[in-house]
Amino acid sequence: DGGITQSPKYLFRKEGQNVTLSCEQNLNHDAMYWYRQDPGQGLRLIYYSQIVNDFQKGDIAEGYSVSREKKESFPLTVTSAQKNPTAFYLCASGQRNTMGYTFGSGTRLTVV
Amino acid sequence: LAKTTQPISMDSYEGQEVNITCSHNNIATNDYITWYQQFPSQGPRFIIQGYKTKVTNEVASLFIPADRKSSTLSLPRVSLSDTAVYYCLVGNNAGNMLTFGGGTRLMVKP
Numbered sequence: 809d810g811g812i813t814q815s816p817k818y819l820f821r822k823e824g825q826n827v828t829l830s831c832e833q834n835l836n837h838d839a840m841y842w843y844r845q846d847p848g849q850g851l852r853l854i855y856y857s858q859i860v861n862d863f864q865k866g867d868i869a870e871g872y873s874v875s876r877e878k879k880e881s882f883p884l885t886v887t888s889a890q891k892n893p894t895a896f897y898l899c900a901s902g903q904r905n906t907m908g909y910t911f912g913s914g915t916r917l918t919v920v
Numbered sequence: 116l117a118k119t120t121q122p123i124s125m126d127s128y129e130g131q132e133v134n135i136t137c138s139h140n141n142i143a144t145n146d147y148i149t150w151y152q153q154f155p156s157q158g159p160r161f162i163i164q165g166y167k168t169k170v171t172n173e174v175a176s177l178f179i180p181a182d183r184k185s186s187t188l189s190l191p192r193v194s195l196s197d198t199a200v201y202y203c204l205v206g207n208n209a210g211n212m213l214t215f216g217g218g219t220r221l222m223v224k225p
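Which chain is which? The protein sequence lines are U and F, in order.
Following this note's numbering, the numbering of the first sequence begins with 809 at its first residue and continues without gaps.
Following this note's numbering, the numbering of the second sequence begins with 116 at its first residue and continues without gaps.
Bound-form chain U, shown alone:
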């Protein structure tokens, strides 16, 4: 079945450490997105990519970095510069002329 896989589902890290969240899709979608969700809040866009080797900052990019070396992969690194990294992170993908966007099941990051 086609879809998006985010791993791991739960992640714990010590404060000051960088951590990378994985997002892989086999839908052949050109566009991929990363969102952050805090408890009881909506989704906020961190980074997005329209095509391989290209990406743009979203609303809250500070403290995060991404790469898009392959069409199917869009990893997100949460750096030590992110002041409050504990959150639920969601990855999504989309393609022109297809129905809607597909979301992964999310990674819950806890920094202690």
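If you are wondering where the hints come from, they were derived from the structure by calculation, not from laboratory data.
Glycine residues also receive a C-beta, built at the ideal position from the N, C-alpha and C atoms.
Among these hints, one or two may not hold up.
Residues from chain F that face chain U, not an exhaustive set, calculated with beta carbons under 10 Å [as the list claims (entries may be wrong)]:
#  : residue
1  : 128
2  : 130
3  : 147
4  : 149
5  : 156
6  : 157
7  : 158
8  : 159
9  : 161
10 : 163
11 : 164
12 : 200
13 : 204
14 : 213
15 : 216
16 : 217
Far from chain F, by Cβ distances over 12 Å, these chain U residues were calculated [as the list claims (entries may be wrong)]:
#  : residue
17 : 820
18 : 851
19 : 853
With the hints as your guide, set chain F onto chain U.
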């Protein structure tokens, strides 16, 4: 960018029809309107998408007036399992920046 505005929350009872309206005054000509459902600690799930007039599938209907500045998601005969947050999203699936609104928290009571 087409921003969206939705009611923060709504309450309903089992078996009732629920209508959630979303405002998107700056919608672009090539934008579609898509609604998602999200349960706690899960990714949003696609419900329905439309461009104009009315779209219906097995779970919902989407009503879009001629000016496309708003849309209404209609959930027929809701059940307790429909308690979730519902998001309206406007975009063209082409990789442009997608911004979610705050969503509508629907509570279905017995």
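Do the hints match the structure? See the list:
Residue-level restraint check for residue 128 (chain F) is violated (minimum Cβ-Cβ distance to chain U is 23 Å; threshold 10 Å). Checking residue 130 (chain F) against chain U by beta carbon gives a least distance of about 28 Å; that is not within 10 Å, so the hint is violated. Against a cut-off of 10 Å between C-beta atoms, the interface hint on residue 147 (chain F) holds, since the closest Cβ of chain U lies about 8 Å away. Annotation: residue 149 (chain F) was flagged as interfacial toward chain U, and the flag holds, the nearest CB pair being 5 Å apart, inside 10 Å.
The beta carbon of residue 156 (chain F) is positioned within 10 Å of a beta carbon in chain U (closest approach about 7 Å), and the interface hint is therefore held. The beta carbon of residue 157 (chain F) is positioned within 10 Å of a beta carbon in chain U (closest approach about 6 Å), and the interface hint is therefore held. Interface hint at residue 158 (chain F): satisfied, since its Cβ lies 3 Å from the closest Cβ of chain U, which is below the 10 Å cut-off. For the restraint placing residue 159 (chain F) at the interface with chain U, the shortest Cβ-Cβ distance is roughly 5 Å, inside the 10 Å limit, so the hint holds.
The restraint placing residue 161 (chain F) at the interface with chain U holds, with a minimum CB-CB distance near 4 Å, inside the 10 Å limit. Among the interface hints, the one on residue 163 (chain F) holds; its C-beta lies about 9 Å from the nearest C-beta in chain U, closer than the 10 Å criterion. With a cut of 10 Å, the hint placing residue 164 (chain F) at the interface with chain U holds, because the nearest CB-to-CB distance is about 5 Å. Interface hint at residue 200 (chain F): satisfied, since its Cβ lies 8 Å from the closest Cβ of chain U, which is below the 10 Å cut-off.
Proximity of residue 204 (chain F) to chain U holds as hinted, the smallest CB-CB distance being about 8 Å (cut-off 10 Å). Among the interface hints, the one on residue 213 (chain F) holds; its C-beta lies about 6 Å from the nearest C-beta in chain U, closer than the 10 Å criterion. With a least beta-carbon distance of about 7 Å to chain U, the hint placing residue 216 (chain F) at the interface is held under the 10 Å criterion. Restraint check, residue 217 (chain F) versus chain U: the minimum CB separation of about 4 Å is within 10 Å; hint holds.
At roughly 16 Å, the least C-beta separation between residue 820 (chain U) and chain F is larger than 12 Å, which holds for a residue marked as non-interface. For residue 851 (chain U), the non-interface assignment is contradicted: its Cβ lies about 4 Å from the closest Cβ of chain F, within the 12 Å cut-off. The beta carbon of residue 853 (chain U) sits about 6 Å from the closest Cβ of chain F, which is not more than 12 Å, so the claim that it is off the interface is violated.
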